[in-house]
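The task is simple: from the sequences and hints, build the whole structure.
This is what each chain is made of:
Number of protein chains: 2
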Amino acid sequence: MTIKLGLLGFGTVASGIPFLLEENGDKITAAAKDQIEISKVLVKDEEEKTRLLAAGNDYHFVTDIDDIISDSEIDIVIELMGRIEPAKTFITKALKAGKHVVSANKDLIASHGKELISLAQDKGVAFYYEAAVAGGIPILRTMANSLTSDKVTRILGVLNGTSNFMLTKMVDEGWSYEDALVTAQKLGYAESDPTNDVEGIDAAYKAVILSQFGFGMTIGLEDVTHKGISTISTADVAVAQQLGYVIKLVGAIEETPSGLFAEVSPSFVPKTHPLASVNGVMNAVFVESIGIGQSMYYGPGAGQKPTATSVVADIVRIARHLNDKTIGKPFNEFSREIKLSDLSDVKSRYYFSIETPDKKGQLLQLAEIFSSEDISFEQVLQQKAQGERASVVIITHEMSKTALANVTAKLSEVAEFKVLNTFKVLGE
Amino acid sequence: MTIKLGLLGFGTVASGIPFLLEENGDKITAAAKDQIEISKVLVKDEEEKTRLLAAGNDYHFVTDIDDIISDSEIDIVIELMGRIEPAKTFITKALKAGKHVVSANKDLIASHGKELISLAQDKGVAFYYEAAVAGGIPILRTMANSLTSDKVTRILGVLNGTSNFMLTKMVDEGWSYEDALVTAQKLGYAESDPTNDVEGIDAAYKAVILSQFGFGMTIGLEDVTHKGISTISTADVAVAQQLGYVIKLVGAIEETPSGLFAEVSPSFVPKTHPLASVNGVMNAVFVESIGIGQSMYYGPGAGQKPTATSVVADIVRIARHLNDKTIGKPFNEFSREIKLSDLSDVKSRYYFSIETPDKKGQLLQLAEIFSSEDISFEQVLQQKAQGERASVVIITHEMSKTALANVTAKLSEVAEFKVLNTFKVLGE
Numbered sequence: 001m002t003i004k005l006g007l008l009g010f011g012t013v014a015s016g017i018p019f020l021l022e023e024n025g026d027k028i029t030a031a032a033k034d035q036i037e038i039s040k041v042l043v044k045d046e047e048e049k050t051r052l053l054a055a056g057n058d059y060h061f062v063t064d065i066d067d068i069i070s071d072s073e074i075d076i077v078i079e080l081m082g083r084i085e086p087a088k089t090f091i092t093k094a095l096k097a098g099k100h101v102v103s104a105n106k107d108l109i110a111s112h113g114k115e116l117i118s119l120a121q122d123k124g125v126a127f128y129y130e131a132a133v134a135g136g137i138p139i140l141r142t143m144a145n146s147l148t149s150d151k152v153t154r155i156l157g158v159l160n161g162t163s164n165f166m167l168t169k170m171v172d173e174g175w176s177y178e179d180a181l182v183t184a185q186k187l188g189y190a191e192s193d194p195t196n197d198v199e200g201i202d203a204a205y206k207a208v209i210l211s212q213f214g215f216g217m218t219i220g221l222e223d224v225t226h227k228g229i230s231t232i233s234t235a236d237v238a239v240a241q242q243l244g245y246v247i248k249l250v251g252a253i254e255e256t257p258s259g260l261f262a263e264v265s266p267s268f269v270p271k272t273h274p275l276a277s278v279n280g281v282m283n284a285v286f287v288e289s290i291g292i293g294q295s296m297y298y299g300p301g302a303g304q305k306p307t308a309t310s311v312v313a314d315i316v317r318i319a320r321h322l323n324d325k326t327i328g329k330p331f332n333e334f335s336r337e338i339k340l341s342d343l344s345d346v347k348s349r350y351y352f353s354i355e356t357p358d359k360k361g362q363l364l365q366l367a368e369i370f371s372s373e374d375i376s377f378e379q380v381l382q383q384k385a386q387g388e389r390a391s392v393v394i395i396t397h398e399m400s401k402t403a404l405a406n407v408t409a410k411l412s413e414v415a416e417f418k419v420l421n422t423f424k425v426l427g428e
Numbered sequence: 001m002t003i004k005l006g007l008l009g010f011g012t013v014a015s016g017i018p019f020l021l022e023e024n025g026d027k028i029t030a031a032a033k034d035q036i037e038i039s040k041v042l043v044k045d046e047e048e049k050t051r052l053l054a055a056g057n058d059y060h061f062v063t064d065i066d067d068i069i070s071d072s073e074i075d076i077v078i079e080l081m082g083r084i085e086p087a088k089t090f091i092t093k094a095l096k097a098g099k100h101v102v103s104a105n106k107d108l109i110a111s112h113g114k115e116l117i118s119l120a121q122d123k124g125v126a127f128y129y130e131a132a133v134a135g136g137i138p139i140l141r142t143m144a145n146s147l148t149s150d151k152v153t154r155i156l157g158v159l160n161g162t163s164n165f166m167l168t169k170m171v172d173e174g175w176s177y178e179d180a181l182v183t184a185q186k187l188g189y190a191e192s193d194p195t196n197d198v199e200g201i202d203a204a205y206k207a208v209i210l211s212q213f214g215f216g217m218t219i220g221l222e223d224v225t226h227k228g229i230s231t232i233s234t235a236d237v238a239v240a241q242q243l244g245y246v247i248k249l250v251g252a253i254e255e256t257p258s259g260l261f262a263e264v265s266p267s268f269v270p271k272t273h274p275l276a277s278v279n280g281v282m283n284a285v286f287v288e289s290i291g292i293g294q295s296m297y298y299g300p301g302a303g304q305k306p307t308a309t310s311v312v313a314d315i316v317r318i319a320r321h322l323n324d325k326t327i328g329k330p331f332n333e334f335s336r337e338i339k340l341s342d343l344s345d346v347k348s349r350y351y352f353s354i355e356t357p358d359k360k361g362q363l364l365q366l367a368e369i370f371s372s373e374d375i376s377f378e379q380v381l382q383q384k385a386q387g388e389r390a391s392v393v394i395i396t397h398e399m400s401k402t403a404l405a406n407v408t409a410k411l412s413e414v415a416e417f418k419v420l421n422t423f424k425v426l427g428e
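Heads up: the protein sequence lines correspond to chains A and B, in order.
Heads up: the first sequence at position 131 corresponds to 131 in the UniProt record's numbering, and the numbers run straight through without jumps.
Heads up: the second sequence at position 103 corresponds to 103 in the UniProt record's numbering, and the numbers run straight through without jumps.
Wrong hints could be hidden among the right ones.
No copy labels: a pair is met if it fits in one copy or bridges any two.
Unchecked claim - As a list, the in silico EDC-like pairs of lysine to aspartate or glutamate whose alpha-carbon atoms are at most 16 Å apart: (1) Lys44 with Asp64; (2) Lys329 with Asp34; (3) Lys271 with Asp172; (4) Lys329 with Glu22; (5) Lys33 with Glu333; (6) Lys93 with Glu23; (7) Lys339 with Asp107; (8) Lys40 with Glu378; (9) Lys151 with Glu23.
Hints are computed from structural coordinates only; laboratory data are not their basis.
Shown next, in the form of structure tokens:
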């Protein structure tokens with residue numbers, strides 16, 4: 001028997017699939033116990049079809065989804081279109097028709113995964129999406145199959161290659177945010193509207209999916225606080241360096257006594273922490289747990305071949321189940337009631353960069369404000385800024401999100417103080 | 001139904017199993033779809049039994065393996081005794097009796113895995129051993145289930161926690177090998193006879209198992225060249241630092257055009273390479289492949305809880321198959337004919353540390369010897385050593401193992417030259 005695939009979309013990632021089927025055919029066929037073949041490829045319109053054929057792509061291109069759904073020979077539908085619609089409608093159709101589905105669509109899975117997953121279960125078919133988080137890193141299946149025995153307490157992830165590329169340039173080469181963005185756009189890492197990447201939204205989607213696998217809670221995007229990298233200044237980068245940190249955009253999901261807390265935010269990462277050396281477009285997921293303790297999964301977060309590798313790994317698992325005539329278990333079975341954390345339980349050290357008038361008594365007044373919220377200082381750096389202004393950098397001891405909100409409000413009431421930035425500071 | 005375990009041995013790792021079953025019981029039971037229970041524990045003799053009971057261990061201890069083998073209620077036998085015998089005999093008995101087996105015994109699996117695996121297949125039972133390589137890192141199942149779609153070209157691993165702890169101390173604190181060893185022994189990381197750890201034998205066992213999962217080749221320990229860390233001097237460490245490297249004991253398995261080559265050797269790792277920041281007793285497996293490109297799996301290489309986590313992950317998978325009444329696939333199915341590489345195909349840059357008389361013309365003579373083997377220099381450092389001697393450090397361009405053997409032989413013929421050390425130099 002040959003396992004037949006129907007591809008939805010033929011962009012960058014899709015064309016990585018034939019590469020693997022060709023270059024690694026023996027291993028893939030042996031693991032799947034069957035040949036895997038691309039049977040039909042859905043494209044947008046006749047124009048795209050003509051263009052792809054002219055470019056030498058020798059596939060059976062179709063422009064109507066029903067050509068794939070109604071084809072009883074197609075076992076697995078591979079959705080690589082991205083965005084919510086029409087991907088959602090097409091996947092729904094495929095699942096309803098009893099076809100297995102593989103998707104790399106993190107936006108869709110983070111926002112509508114629940115209903116698609118439950119539809120797949122009703123229909124007794126597989127719905128896998130390893131490529132949706134951290135592209136080439138096999139993190140989801142590893143969580144589902146290996147970390148089952150372990151209780152995860154916190155996940156820290158460098159989950160967005162674009163912003164990590166930019167931050168690496170800002171840290172290693174002293175570039176400004178603006179210069180880094182322009183270069184990222186030139187290299188094709190950032191889109192012309194880079195909002196999703198630089199504001200932490202893309203990473204927040206991934207945090208939603210990681211919460212399911214790591215903590216069994218299907219939270220929504222609105223449950224993930226997110227803050228991007230656009231406010232990071234060269235001064236912040238330099239101070240971080242000086243104090244032994246690098247700034248990374250970190251997706252953090254942790255379980256506190258009261259529940260789950262997830263956020264994406266620029267964070268000071270100690271230079272000795274394994275996440276600190278995750279550079280350029282690479283991603284990494286750092287897992288803290290009661291059994292293993294600390295483990296990290298590192299690799300490319302995007303790209304044609306890495307993403308296609310995750311997609312094909314999903315395909316091989318489904319093909320194998322088809323061959324063994326077993327259903328296989330749902331991709332993620334870990335499920336608990338959603339309980340979100342009280343902000344008073346979410347604790348961290350923080351970095352404050354504050355501009356003050358360059359006159360006596362400012363530091364004392366700052367100390368009083370922080371002290372009124374029971375926040376103590378671990379490190380303070382005071383230096384002359386431009387003109388009549390001074391710059392005060394504070395690293396606090398551990399404090400809660402509640403205290404952070406309170407002290408931020410109090411600082412904003414003092415006209416003389418200008419809080420330039422506040423970032424989380426991770427421990428070793 | 002309750003899944004009943006028979007434990008062979010009740011050492012450090014074994015006692016990590018009840019910890020996980022208790023602290024993470026809900027998740028484990030949900031994933032296994034059954035309760036998991038330690039039914040019987042095999043100990044050496046009545047003395048050990050009395051001692052363990054007195055220490056408050058409330059288990060059904062037995063001293064005869066047949067009490068476990070003949071117990072039809074026991075589904076899974078967990079071997080945590082270590083060494084070859086009697087572990088091999090006991091596992092064989094268990095498999096023959098149709099019991100599933102989980103083992104953490106890398107020595108056994110590297111030396112006799114083949115026959116045990118084939119016995120398990122004949123009997124239609126599972127034989128899993130995730131904990132055998134890199135303790136808490138879920139690397140084997142990840143290779144078997146996720147990297148199936150990918151073709152691995154090279155694996156680089158920091159696979160021995162003891163030697164990595166020692167090297168970290170030598171690099172970070174400037175300790176000598178001897179001081180590092182004494183401390184490792186004091187902390188219980190190194191045994192009184194540290195040979196297996198410091199001479200790369202332990203890492204070579206792991207390389208054997210990684211070769212099976214990564215390249216489908218069941219090579220023998222004798223096929224893995226190994227060289228330990230005992231000859232590394234503080235001078236080597238300092239020069240490495242100066243040139244932008246750290247020295248790590250690296251297990252390297254690569255496929256060249258002519259076949260597989262595996263070795264464990266001290267290696268210069270560029271500071272920017274992800275393996276360079278794997279410190280202390282941590283392990284990491286860095287995988288190069290045609291699909292993902294570069295990925296790394298990092299975590300504790302040993303220890304009670306990490307190792308027990310891998311063991312329990314294996315147990316959960318088996319329990320789940322029992323519940324689903326499916327057999328599950330063999331732990332590793334990737335299998336190809338063994339083909340070992342010609343040494344002329346195995347290429348790397350190398351570091352040479354050579355002592356010469358402190359007189360004119362020495363460097364020229366050295367250059368001539370290397371040049372006669374077509375080896376060119378990337379970097380040369382010459383400095384005055386003690387007394388009448390000088391020290392020459394060379395980093396070569398890429399050269400083959402054959403050239404390495406030839407040039408080493410030629411250098412040994414010149415009485416004036418003393419080659420202090422030769423280490424592999426990895427690229428970025």
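So, going through the hints one by one against the coordinates:
{"no.": "1", "hint": "Lys44 with Asp64", "in the structure": "within (8 Å within a copy, 69 Å between copies)"}
{"no.": "2", "hint": "Lys329 with Asp34", "in the structure": "between (20 Å within a copy, 15 Å between copies)"}
{"no.": "3", "hint": "Lys271 with Asp172", "in the structure": "both (13 Å within a copy, 14 Å between copies)"}
{"no.": "4", "hint": "Lys329 with Glu22", "in the structure": "neither (28 Å within a copy, 24 Å between copies)"}
{"no.": "5", "hint": "Lys33 with Glu333", "in the structure": "between (26 Å within a copy, 11 Å between copies)"}
{"no.": "6", "hint": "Lys93 with Glu23", "in the structure": "neither (32 Å within a copy, 42 Å between copies)"}
{"no.": "7", "hint": "Lys339 with Asp107", "in the structure": "neither (22 Å within a copy, 45 Å between copies)"}
{"no.": "8", "hint": "Lys40 with Glu378", "in the structure": "neither (61 Å within a copy, 52 Å between copies)"}
{"no.": "9", "hint": "Lys151 with Glu23", "in the structure": "between (38 Å within a copy, 8 Å between copies)"}
Violated hints for the displayed structure, listed by number in ascending order: 4, 6, 7 and 8.
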